[in-house]
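Enquirer: Residues per chain are reported as follows:
2 protein chains.
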Amino acid sequence: MTTAAPTSSRALVEDVRRGKVSAIARLISRTEASPDAVGDALAEIHRHTGRAHIVGITGVPGSGKSTLIAQLCRQVRDGGRKVAVVAVDPTSPFSGGSILGDRVRMSELNSDPDTFIRSMATRGNLGGLSRATLPAVDILDAAGFDIVIIETVGVGQDEVDVVRAAHTTVVASAPGLGDDIQAIKAGVLEIADIHVVSKCDRPDANRTISELKAMLTIGMQLSSRMDWRVPVIGTSAVTGEGLDQLLTAIDDHHAKMTETGELDRRRLRIAEMRVLKFAEDMLRDRFENDREGRVQEIAEQVARLELAPEAGARRLLGQIQKEIAS
Amino acid sequence: MTTAAPTSSRALVEDVRRGKVSAIARLISRTEASPDAVGDALAEIHRHTGRAHIVGITGVPGSGKSTLIAQLCRQVRDGGRKVAVVAVDPTSPFSGGSILGDRVRMSELNSDPDTFIRSMATRGNLGGLSRATLPAVDILDAAGFDIVIIETVGVGQDEVDVVRAAHTTVVASAPGLGDDIQAIKAGVLEIADIHVVSKCDRPDANRTISELKAMLTIGMQLSSRMDWRVPVIGTSAVTGEGLDQLLTAIDDHHAKMTETGELDRRRLRIAEMRVLKFAEDMLRDRFENDREGRVQEIAEQVARLELAPEAGARRLLGQIQKEIAS
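So the protein sequences, as listed, match chains A and B.
Numbering follows our numbering, in which position 116 of the first sequence is assigned residue number 116; successive positions increment by one, without gaps.
Numbering follows our numbering, in which position 99 of the second sequence is assigned residue number 99; successive positions increment by one, without gaps.
No false leads were slipped in.
Away from chain B, derived, C-beta distances all over 12 Å, residues of chain A:
id, residue
1, 11
2, 79
3, 203
4, 214
5, 236
6, 243
7, 260
Which residues of chain B face chain A? A partial, calculated answer using Cβ under 8 Å:
id, residue
8, 267
9, 278
10, 305
None of these hints come from the bench; they were simulated from the model.
We put the beta carbon where it would ideally sit given N, CA and C, even for glycine.
Let's have the full structure, built from the sequences with the hints guiding it.
Expert: Given below as structure tokens:
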């Protein structure tokens with residue numbers, strides 16, 4: 001018999017599913033502290049996902065991405081839907097790293113119970129995904145948020161991976177940053193379903209928009225199986241221009257994906273990615289928490305040239321399997 | 001009984017150990033084509049490594065790194081030692097991507113039987129390590145090269161990882177590129193055992209050298225356990241300045257590591273990294289070559305919300321273990 005104490009895992013999952021903000025925050029915090037300790041709750045949460053539209057928004061620092069997200073949240077709320085943001089960008093004001101004006105706008109959003117904003121710690125000094133990021137998205141999905149936004153900074157492989165965990169990917173650029181070039185470099189041009197050029201009140205914004213459109217024409221062959229013309233939308237935090245157009249594009253993309261079966265394909269692709277990442281994390285964890293020194297022993301044998309690295313890897317996988325089975 | 005035909009794995013390993021250039025080239029090519037197909041040869045090669053000094057040289061494109069390496073090779077040869085270069089930088093002239101002057105210098109080196117230069121394909125469109133890179137270093141070590149240089153471009157986690165596979169890491173910067181800042185961003189400042197500022201015939205080189213020295217003073221706490229003062233060496237391809245100083249620093253670093261036991265610690269760290277990378281590669285391979293559709297079945301169950309991602313990862317690791325055991 002499971003007790004129904006308010007802190008029990010089952011009760012917490014129930015409260016999350018009812019959309020109770022304190023329960024959502026608590027389960028995300030517990031997940032950040034130790035995903036393994038709440039493994040059962042997360043498995044239960046996962047069964048109740050699948051309703052939210054997961055939107056990844058990425059862009060280099062200075063691309064106006066965080067302001068854009070704040071305004072997009074208000075746009076979603078104005079239409080009566082619930083919206084959540086998971087920020088994994090350490091430079092994001094959602095993570096506490098920006099100018100006062102942004103912070104004020106954020107806290108306005110925070111006082112609305114149907115808007116949930118959460119920044120996640122990044123893993124290492126080189127940036128990277130928190131292992132709690134995707135479970136947090138699951139939690140918000142199961143809690144009934146209609147749109148869950150993942151905000152990442154557009155540099156590095158891990159960040160590209162997290163955007164690949166989204167159904168729809170929005171890439172934000174700004175004029176005068178050379179962002180377009182940076183976007184190609186990081187491989188994000190190919191993964192964008194929607195391009196946004198922020199600060200389009202600036203005179204040089206048109207050039208950025210044209211350049212992006214030209215690149216998209218060249219890269220047409222790279223687009224997904226679905227017949228979707230990647231839009232380039234100019235937005236302005238000053239005039240509010242383009243925000244409704246962006247939300248419409250996000251909704252259109254979702255409708256098109258549902259219609260064509262692309263949504264199911266992306267869900268499968270996301271599932272593959274999550275399983276693989278989890279397995280890799282288990283390997284890394286095993287390395288970092290080598291309590292009995294058995295991994296160390298393998299490495300020592302390899303260093304002494306008694307064991308080839310490949311044979312060492314096989315032995316490591318074998319050990320992990322034994323531990324999982326037991 | 002194993003036949004001694006010239007193409008047999010055992011004969012090839014023997015020829016590699018005798019330093020036969022054609023055998024070295026052939027085994028590296030076979031490794032690039034399929035590391036698994038030559039697994040036994042590579043395991044045998046690994047047993048005969050441990051003599052070479054492995055030097056990682058990294059730097060952003062434009063840092064003058066490839067010219068530096070070409071000159072360093074000549075410096076090593078002038079001292080009567082054998083030197084090999086494994087280039088994993090797609091922008092490197094060793095990989096065929098640079099100006100004519102460089103190419104001419106490279107081909108001079110290529111005609112010397114005691115200098116071996118090989119560029120490796122990079123893995124994906126986002127750059128990254130070839131799985132054959134570290135086996136290639138093993139092959140060159142076992143073939144009797146005294147110094148094996150790994151050249152990587154200084155961006156991205158994978159590139160940092162490959163430099164971590166070296167005993168001594170040299171980071172190249174150039175004046176006027178803002179490279180110093182880029183070096184910090186990519187986390188390479190902390191991993192440098194030796195800094196080189198190329199093009200030091202330029203008037204603005206002194207500023208770059210001073211900036212690097214200042215940053216190193218601030219970062220003193222980050223240095224390794226060994227008492228080693230990271231030198232900042234100015235070099236010039238025009239005047240030849242600094243080249244002898246660089247080779248002396250590389251040799252001094254090796255001597256100091258041997259003396260203090262740091263070399264053994266680094267060998268152990270490299271072994272750990274290789275075992276983990278290999279295990280991760282095995283996981284990825286299993287995903288990409290899912291002949292019986294069993295991984296796909298796991299992903300489908302996760303996508304249908306019948307299985308949590310973590311449980312899927314456990315099942316995946318279990319399957320891999322079974323295949324390895326069989």
